[in-house]
Amino acid sequence: MTSAQFEIQLIASLVAIACAIPGTFLVLRKMAMISDAISHSILPGLVVGFFITQDLNSPLLILFAAITGVLTVVLVEKIQQTKLVKEDTAIGLVFPALFSIGVILIAKYANDVHLDIDAVLLGELAFAPFDRLYYGTVDLGPKSLWVIGGVLTVTLILLFAFFKELKMSTFDAGLATSLGFSPVIIHYGLMSVASVTTVSAFDAVGAILVVALMIAPAASAYLLTTNLKRMLGLACFFGVLSAISGYWLASFLDASIAGSIATMLGVIFLIIYLFAPSKGLISVLYREKQQRVEVLLITFLLHLKNHSEIEERHVNHLNEHINWQKVRSKTVLSLALKNNMITIENKVVSLSEKGEEFTTKAIDYILTNEDGLIEDMKEDFFLFRG
Amino acid sequence: MGKIAVKVDDLTVAYNYKPVIWDIDLKIPEGVLMAIVGPNGAGKSTLIKAILGILKPIAGSVTIFDKPYKSQRKHVAYVPQKESVDWDFPTTALDVVMMGTYGSLGWIKRPGIKEKKSALEALEKVGMLSFKNRQISQLSGGQQQRIFLARALVQDASIYFMDEPFQGVDATTEVAIVNILKELRKAGKTVVVVHHDLQTVPEYFDWVTFLNVKKIATGPVKDIFNDDNLTKTYGINYKVSIQK
Amino acid sequence: MEIIEYIKLVFSDYTLRTITFGTAILGAVTGMLGSFAVLRKQSLLGDAISHAALPGIALAFLITGTKDSNVLLIGALISGLIGTFWIRGITSKTHLKSDTALGLILSVFFGFGILLLTFIQKLPNADQAGLDKYLFGQAATLMESDVWLMTLVTGLCLIVLLLFWKEFKILLFDKDYALTLGFNTKLIDILITSFIVLAIVLGLQTVGVVLMSAMLLAPAAAARQWTNSLGMMVFLAAILGASAGFFGTAISATQSNLSTGPVIVLVASVFVLFSFVLSPKRGLLFKQIRLIKNRNDLELQKTLAFMYHIVEDHEDISHPHAIRILNNFQGYSRKGLKKLVDKHYVELDGEMWSLTPKGFEVASNLYNQNQKND
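Residue numbers (this note's numbering), protein chains in the order written: chain R, 1 to 386; chain V, 1001 to 1244; chain L, 2001 to 2374.
It should be emphasised that the hints constitute simulated quantities derived from the structure, not laboratory data. Owing to the predicted nature of the structure, the values given are computational and were not obtained by experimental measurement. Check each hint, because a few of them may be wrong.
[Stated by the list, open to error] Lysine to any residue pairs mimicking SDA-like chemistry, simulated, CA-CA at most 20 Å apart:
#  : chain 1 : residue 1 : chain 2 : residue 2
1  : L       : K2343     : L       : E2361
2  : R       : K83       : L       : K2093
3  : L       : K2093     : R       : I268
4  : R       : K86       : V       : D1086
5  : R       : K78       : L       : R2282
6  : V       : K1232     : R       : K78
7  : V       : K1182     : V       : E1121
8  : L       : K2093     : R       : S278
9  : R       : K83       : V       : Q1135
10 : R       : K83       : L       : L2161
11 : R       : K289      : V       : K1018
12 : V       : K1018     : L       : H2095
13 : V       : K1116     : L       : S2229
14 : V       : K1182     : V       : E1203
15 : R       : K30       : L       : G2089
16 : R       : K347      : R       : L337
17 : V       : K1222     : V       : T1200
18 : V       : K1007     : V       : P1068
Could you put together the complete structure from these sequences and hints?
Given below as structure tokens:
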């Protein structure tokens, strides 16, 4: 691996981590689409900053764009407050407008200067190693590395300093307020960090990838854990994994690095979406199938308990009375028999002793939700695993 | 004993495969004004929605006048909770009430003069005729509830299901609605209401059903609205003095 | 090129006519269908679908080797639909919320699309310039066949809309109630969603994937401010959408180097801003004016009542008093005083004021009204 290759992967990984952190909170706070809004709307901020400084590499650009990011959030909220349109609509109106302004400004006035649309969308990771920072004659490394490194450091500092507040205001805003933490400050603080991160990542990876890096790793992590610390860690891990594997994919295909990383983010999410232990699609479908049968079983047993008349308990009658198709009844009947919950005599079904006990416990649990009552049944029944 | 308007057998509804109502057996005679009461989460709204086919039950069946519900829709009118709708929707009070005629029109056919007349009459009955062209977001809670009621009245059904119609309405509206309900009963209609206020049950209704996931009891108010059933349903000691 | 020249050209030049007509039709259909998306609280779904369509376009090219827009749009349709279903799969089967699902599918599919586009760029005989236009749209590349397709779809959409108008209305407003009336809500739902997806896919050529969501939302959001009738809203949204398309294309054509997408979106956004501020019923400007007027009226009433209070014990109600004594009163202002004079409730003489008989009567009515209210 050449040093240029290494540097690119390093930058991409740092960007991934820097995005994963605010991204986790955005996903938890159900504000994922704000990242989409911010990444589109900082464009005019960047352009205006460029007009003023005439320098693509000025740190002022980051400031301008970050301010625009926060302004966007404020604008969206102001519009939502007027109640003239719904929340989502406000977002969907603001960012295309701002983005269009940015695109038009670039096309009209900055077309010759390196600030072109492709770069906006894709970033220029491939060129990052060539834009280096020099202190005198000492090569300090690619400029992007320093920028994103700086942003990441600040983000980490803020994360550690305000972890408690962030956690509380995300999971229990009411409690946070009553304890004196201002959720408003946390909110705008988070938005500012997201904006600054978006801007600095923009340069390297472009608008769309920033959104993907903020949301996808966090979403994947969320399917594996609900513990905040673990979620942050996993999100960073998935981000870095996608960054590195994306880079190699891009090399292989000779295509956009940003696009490849986004693709790998998608692949990782797909895998987790399908195979995550308890929340993955396959687990969920299996569990739902089990629960379906169990509910039918309990319904059936309860029915037996409530109706002592023989006509109600005749095997054929059960179908019409409870209104199940023949197939369902058969499955449930055999399941009940297998578990010794019922006995069948002359085509009339009756609850066995075990069945009686079971139904009583089940009903009590359902009515009172007291876990203690069904401890011994949790093993066998998905339904009771909460 | 007259006809049975609504017969529910073994109705069980689960949400995310957790049962919300179990094995409900219910016979609602024609012509009663019945309250369904129970604590929060008892499944009252679920019961109504399952009867009306909005939620699919896991087990059980519903018949209206001895025929399956699906073929008897024209006999049944529904007044949902007013919170279930976005009142900022661009439409007027009259428009909403006219929606009650859509069922009898079927697909594609547009409401005409006859439908408009029914809608205006219904609006008048609930005292909202002067508001007919008002945008619905400009209506108060009580006024919105009346609009919903008018929409159901337009259907001229035999059975009315209402979900918490007295929740969040002013005193005048409450009186107006009770009077309409009593009129409906006098006209031989059957009215079933999910009700949140135990205090007013004996005054407004003649039948009551106690529900808490399972059916606790059902019958005439004078017979079963007592401390025993209240405790069974709500779990704490309720002392109620019943106006005779 | 000047605007005037442009308009003249529209009538004379065949190509320009085609393009203008095409974008106008597109604006109309996205405006109409956008109304439904907005009312169904699915505003950002359009954004997700349009971004998700990108890989489909690239893959269609890779597989078939043709840049025929019909083929590419089928690819867009398929991948857009896959994206939509996956979003639903995420929100229904996991505890991830819809905003996460939308943002995820949007960015990941789009990234994949970009990957494919840049890959195609490197292929030997692929002239990728044609595919680029789907990012920000380029109405100039619209062909007559495209416009025919759009007109057909719009016509179809209109017919379905008119036929099933009441069904759409009731489904949007109160789905549960519609079910109890016996309507097959699932069918209507699928119909609406299909049309929205179709409109998005067709619109990609003029506005591009990045900005499509605005074309769905802006005309509808603007139209909503001017009317309280669903029908009028949909109609207005169509008009505003068409205008945005027309003017946007015109403006971008008179400038060089400008994609049509951003300009159309900007025009539509201006409509929204205009509507938000200036609409008589809901607009912010008039709301503010009404607020101020109400406040002023109240101040006037209070001043008049105060004056009444001063004079009521006098024998002669027209007995003049110094303006000075009003100065400390909270509701008093010189302007208010002048208004009272204009209404002939009060007469001024130098630094003295006196209540006219008319003023006295009005004030006493007010006063008694207030007493009653207390």
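For each hint given before, does the structure comply? Return the numbers of the non-compliant ones in rising order.
2, 6 and 10
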